[in-house]
Amino acid sequence: MLILAVDTSTMVGGVALIDGGVLVGEHILNVKATHSERLMSSVNATLSGADIVPGDLDAIACGIGPGSFTGVRIGVAAAKGISYALGIPLVGVSALDALAYGHSPGFREVWSMIDARHERCYSACYKPSLSLRAATRISEYSVRPISEILGAAGLDGGRVLFTGDGALAYSDALLSALPDRGVVPPAALGILRPAQVGMLGMEMLERGEGGDPAHVVPMYLRPTEAEVKFSRKEIRPDGTASLAHESK
Amino acid sequence: MQQRMNERGIILGIETSCDETAAAVVRQGREMLSSVVASQIEVHRKFGGVVPEIASRRHVEAILTVIDEALGQAGIALEDVDAVAVTYGPGLVGALLVGLSAAKGISYALGKPLVCVNHIEGHIYANFLAHPDLDPPVLCLTVSGGHTELIAMRDHGCYEVLGRTRDDAAGEAFDKVARVMGLPYPGGPALEQLAKSGNANLISFPRTEVEDSPLDFSFSGLKTAVINYIHSARQRGEKISYPDVAAGFQKAAIDELVTRVHRAAASVGTRTIGVSGGVAANQALRGALTALALKSALEVHYPPLSLCTDNAAMIASAGYFRHRAGEVSPLSTNAEPGAVLTSLQHCSGQARGSRIHRVPVEID
Ligand SMILES: [Zn+2]
Numbered sequence: 001m002l003i004l005a006v007d008t009s010t011m012v013g014g015v016a017l018i019d020g021g022v023l024v025g026e027h028i029l030n031v032k033a034t035h036s037e038r039l040m041s042s043v044n045a046t047l048s049g050a051d052i053v054p055g056d057l058d059a060i061a062c063g064i065g066p067g068s069f070t071g072v073r074i075g076v077a078a079a080k081g082i083s084y085a086l087g088i089p090l091v092g093v094s095a096l097d098a099l100a101y102g103h104s105p106g107f108r109e110v111w112s113m114i115d116a117r118h119e120r121c122y123s124a125c126y127k128p129s130l131s132l133r134a135a136t137r138i139s140e141y142s143v144r145p146i147s148e149i150l151g152a153a154g155l156d157g158g159r160v161l162f163t164g165d166g167a168l169a170y171s172d173a174l175l176s177a178l179p180d181r182g183v184v185p186p187a188a189l190g191i192l193r194p195a196q197v198g199m200l201g202m203e204m205l206e207r208g209e210g211g212d213p214a215h216v217v218p219m220y221l222r223p224t225e226a227e228v229k230f231s232r233k234e235i236r237p238d239g240t241a242s243l244a245h246e247s248k
Numbered sequence: 001m002q003q004r005m006n007e008r009g010i011i012l013g014i015e016t017s018c019d020e021t022a023a024a025v026v027r028q029g030r031e032m033l034s035s036v037v038a039s040q041i042e043v044h045r046k047f048g049g050v051v052p053e054i055a056s057r058r059h060v061e062a063i064l065t066v067i068d069e070a071l072g073q074a075g076i077a078l079e080d081v082d083a084v085a086v087t088y089g090p091g092l093v094g095a096l097l098v099g100l101s102a103a104k105g106i107s108y109a110l111g112k113p114l115v116c117v118n119h120i121e122g123h124i125y126a127n128f129l130a131h132p133d134l135d136p137p138v139l140c141l142t143v144s145g146g147h148t149e150l151i152a153m154r155d156h157g158c159y160e161v162l163g164r165t166r167d168d169a170a171g172e173a174f175d176k177v178a179r180v181m182g183l184p185y186p187g188g189p190a191l192e193q194l195a196k197s198g199n200a201n202l203i204s205f206p207r208t209e210v211e212d213s214p215l216d217f218s219f220s221g222l223k224t225a226v227i228n229y230i231h232s233a234r235q236r237g238e239k240i241s242y243p244d245v246a247a248g249f250q251k252a253a254i255d256e257l258v259t260r261v262h263r264a265a266a267s268v269g270t271r272t273i274g275v276s277g278g279v280a281a282n283q284a285l286r287g288a289l290t291a292l293a294l295k296s297a298l299e300v301h302y303p304p305l306s307l308c309t310d311n312a313a314m315i316a317s318a319g320y321f322r323h324r325a326g327e328v329s330p331l332s333t334n335a336e337p338g339a340v341l342t343s344l345q346h347c348s349g350q351a352r353g354s355r356i357h358r359v360p361v362e363i364d
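Residue numbers (our numbering), protein chains in the order written: chain A, 1 to 248; chain B, 1 to 364.
So that you can see chain B by itself, here it is in the shape it has in the complex (with noise of 0.2 Å):
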């Protein structure tokens, strides 16, 4: 492994890839010395949704006050950055270029490394920021309102992707569910208030499986069931009971979270689960795998609600691990809003020879 990194390790982390502005400031990849973010939440509400120019728009307009923030709160003069982490994708094109834009004329004028991430691999170091003592193997679910993930991964910028939603993210069901019983926006953390005042058990949705591929996720047949019986019930002129929807809705989709979670556990062996993503702040999640891991002696691991949701310290972190591996992006590097998740150069030799064991899943 090629050591380029002097010892500080401190790391400007840029995010911009959906409708937050953040900036943050890391040390060796595990302390994190500030984190801001500018969101922009209530701009976009009244459109029930985030509108990608007015996010870009908001984006360039902020991008230097949080990054003189995040300085600033760190403490550390930008001459003392070693190198500049930013996401490079998947996320809002127009969105995405406006942090990478500004990180690379950053990393251009004081000659100091660009180092580009995936998003994705963001939210998993969100985990290792909040959890010192945390360190691979550690199979990873990330899910929010764009992705939802299952990653078994091995060392620092080692991933397999095990699984992954085949249509919606779980955030976006919930969402889109919100949405049509009419909740404000942002839809997610709003139905799972709404889901406790209500009783899970009483109305049954349908759990999905994709067929051959019992880690992968899919979400739209269960939005579309939820749908479904709210418009059955108000042409009928029924009553209904929105509490018991949404938490019949949530029980159903967390039960398909943790029983991919159980499987996949059992599948690649490892015992360490890391859930981070916007979701990852859902109580009744975190209560349902809390269970999981006491019923197999599983450890599971959760940031903090700060570093649940899109923030630039988890960028500067997973920034940390590539550099620190010898990474450097070149600064004709494009945004990708389709970006995949890529292990480190040295992975793939280690993975041939010590590829993680599939056993057979035991679906019970």
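Isolated chain A (complex conformation) (with noise of 0.2 Å):
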């Protein structure tokens, strides 16, 4: 099976071609340009330079966050036209499960980060998994405060993993909590690969999930801003005192 995955949940983002489970290529680039102008080319740079033509491909993997909102739609939006228009299933990819992906079994936890700002990482906790493939998550996903991080990590005992841009912002601080212990990779080791969203992607395709691009839709993990205002109340039925836009 002949999978392209792509990425586009952080800054961080890119993409992975994978056959049968063996890695062919990888794209990442982690520059200020946005998703919307490179993503396009960093796939193109990867099937030809594996001398693939989309029409070789039988599924695509995409990463659906956590993260950006806007960024995750950018990779969710292309990889849904392209598995459309070549007809082949797309599995989309929570952010969380593909940073977990793939770490040793010798960590009691493996903690996926991804930095939601404020103080805040969207976050979920997971065993690794004695293959060192898909781990196991226990816990929910969450946006969460770094504190109550720091508080339900490592209970259990055991050296503990936290990745993820989120684990790289606030490494100071989840070091310190678990002093000999707690661990956070290299900046270059410690993102989201596009090879760890393809290889989950696998997996879940060949358990049968995914399917249908149009069925996919991106994690959020939160509601938007207008909702929250909304539902406490501090927008009026009638539309005054809200903070919507006008259409433009």
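Hints are computed from structural coordinates only; laboratory data are not their basis.
Some hints could be false.
[To be verified] A short, non-exhaustive set of chain A residues, derived as facing chain B with CB atoms under 8 Å: (1) Val76; (2) Lys80; (3) Thr224.
[What the hints assert, rightly or not] In the DSBU-like style, the derived pairs of lysine-lysine whose C-alpha atoms are separated by at most 35 Å in a straight line are: (4) Lys239(B) x Lys46(B); (5) Lys229(A) x Lys46(B); (6) Lys295(B) x Lys196(B); (7) Lys196(B) x Lys46(B); (8) Lys229(A) x Lys32(A); (9) Lys239(B) x Lys229(A); (10) Lys127(A) x Lys32(A); (11) Lys233(A) x Lys239(B); (12) Lys295(B) x Lys239(B); (13) Lys46(B) x Lys233(A); (14) Lys112(B) x Lys32(A).
[Stated by the list, open to error] Covered, in the sense of this in silico footprint (three residues per stretch, anywhere, with C-beta under 8 Å from a C-beta of chain B), are these stretches of chain A: (15) 39 to 46; (16) 101 to 114; (17) 205 to 218.
In this text, all values refer to a predicted model and were calculated from it rather than measured experimentally.
Just so you know, even glycine gets a beta-carbon here, dropped at the ideal spot from N, CA and C.
Make the complex out of the two chains shown on their own, each in a separate frame, by following the hints.
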């Protein structure tokens, strides 16, 4: 099975090509240019570098976040377009699940952390597998303040891996909370790899998950600000006092 | 002119610049094979306006269903599409990016050219879809909740912006006044409905002129005057005749639009007018422009209501003519929330040679 994986959940984004579980190519850019400008050239570089044409692909895997709302949608919408046009299955892969993919069972816990700003992270806790493949999630997906993660991590003892751009951003606090058993990878390795999205996507497809690209939706973990304000009754039903923008 | 299109000229259009998820299939820029619009009005109503993040979330959920429906209704297989046209701006950036990214994915996967279209240019082309015999030059008035532009279109893809709003768009002024009156969202059509039972001559609101720019628009002064009228009447405890206020406001706004069209037609010497955008659905505006046309021997064109508001058929039509002229957009094209209308490459030379002769404007 030849799988194209795309991920634009975080600022680091890119593309991986996986053939029967073998990583054929991976293209990652950690630059300021938006995913909108660089995603398709990454796809093209990866496929053409491997002498693959889109029609050769068997399936698409895409990171569905959580992360930047707009950033995630760029990758999801592009993946939907590719999958629909080729008539091949699309599987949406949680960026948190993907971050936890492939870590050593020497860690008692793996915390996937994606920076949600204001001292919060999109996060989930996992138990790594003996096969170094998909990890088992043992917490809710949630937006957690760093303080909550510090309080919850490593309660069962053992080594704890914190990974993802959220872990990199708050590494000092994480390491001092669990001296000697907290681990944060170096910056070049603590990022979400498109290959992780592709490998996990392949396992999900083999389990029969994914398929119709129309059904794939981003994982936001957060309602919109307008919905929050509405539920707090800060917006009156006639729309006055609303923060909604005028249609432009 | 470079001819890259094969004879079928079948364009898939995609539009997600605001709160409508839309896709359409158009042949040869003129023949609409399908036009599917998934409206989000109900979703945004309780917020009193379009919430950009909610609009973007809806777009990414709906986009493929809408595209699939458009192809299905047209009876066209994706392989038979010659190019994918998509709105890249102006609009809400997060919303634009959904349609643009999906279009890029389809374009890349199928090896079909991508043609990025300016949303205003799309509105202009609604009239070319609706009127198969319409040809440039056309004086275009595009009025909606987001824009108010007066554009001289000399040829396909060749534009000169003659005037635009300096503040609120016309439709925006309608929506804001409607909101102060307590009318339900979307306010424009509700206000038009209310104005039908009012007398437009009882309350006179100011007409704004933009100094030294007789073809530019300004609606914020009018909007403020109406809102002040309502507030001070409420403060004095006076009974307000909302139908008369609505009718008076609508008349003032329409007067401003019609005078600019009149001046522009005289200035550029174009007798053919094309009105488009959501406000082009306003019957009072149509009536006033039809009266002007009779008086001044102009020919005014409107699209049907379904092509006035945002749709993807107009994007496909504009994309067809751009592509026919040899234009292909790179897959690195970004969404541009403030995109300005640009003419095709070949227009610039032509413009210098046969620049529209601008006679001094007579203001009556
Ligand atoms: Zn519009």
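Each hint tested on the structure:
For Val76(A), the interface hint holds, the least distance from its beta-carbon to any beta-carbon of chain B being 6 Å, beneath 8 Å. A least Cβ separation of about 5 Å between Lys80(A) and chain B falls short of the 8 Å threshold, and the interface hint therefore holds. Taking 8 Å as the C-beta contact cut-off toward chain B, the hint placing Thr224(A) at the interface holds, the least distance being around 4 Å. Restraint check: the Cα-Cα separation between Lys239(B) and Lys46(B) comes to about 28 Å, which is no more than 35 Å; the hinted pair holds.
At most 35 Å may separate the alpha-carbon atoms for a hinted pair to count; Lys229(A) and Lys46(B) meet this at roughly 12 Å. At roughly 24 Å between alpha-carbon atoms, Lys295(B) and Lys196(B) fall within 35 Å of each other, so this suggested pair holds. Distance restraint check for Lys196(B) and Lys46(B): the Cα-Cα separation of roughly 26 Å lies within the 35 Å cut-off, and the hinted pair is therefore satisfied. With a CA separation close to 32 Å, the supplied pair Lys229(A) and Lys32(A) stays within the 35 Å bound.
For the hint linking Lys239(B) to Lys229(A), the alpha-carbon distance of about 33 Å falls within 35 Å, and the restraint holds. With a CA separation close to 33 Å, the supplied pair Lys127(A) and Lys32(A) stays within the 35 Å bound. The straight-line distance between the Cα atoms of Lys233(A) and Lys239(B) is roughly 30 Å, inside the 35 Å bound, and the hint therefore holds. Between Lys295(B) and Lys239(B) the CA atoms are separated by roughly 38 Å; this puts the pair beyond 35 Å, and the hint is violated.
Distance restraint check for Lys46(B) and Lys233(A): the Cα-Cα separation of roughly 11 Å lies within the 35 Å cut-off, and the hinted pair is therefore satisfied. Restraint check for Lys112(B) and Lys32(A): satisfied, since their Cα atoms lie roughly 28 Å apart, inside the 35 Å limit. Residue count for the stretch 39 to 46 of chain A with a Cβ under 8 Å from a Cβ of chain B: 5. That meets the three needed, and the coverage hint holds. Counting residues of the stretch 101 to 114 of chain A whose CB lies closer than 8 Å to any CB of chain B gives 0, so the stated coverage by that chain is violated, three being the minimum.
As drawn, the stretch 205 to 218 of chain A meets chain B at 4 residues by the rule of a beta-carbon pair under 8 Å; at three or more, the given contact holds.
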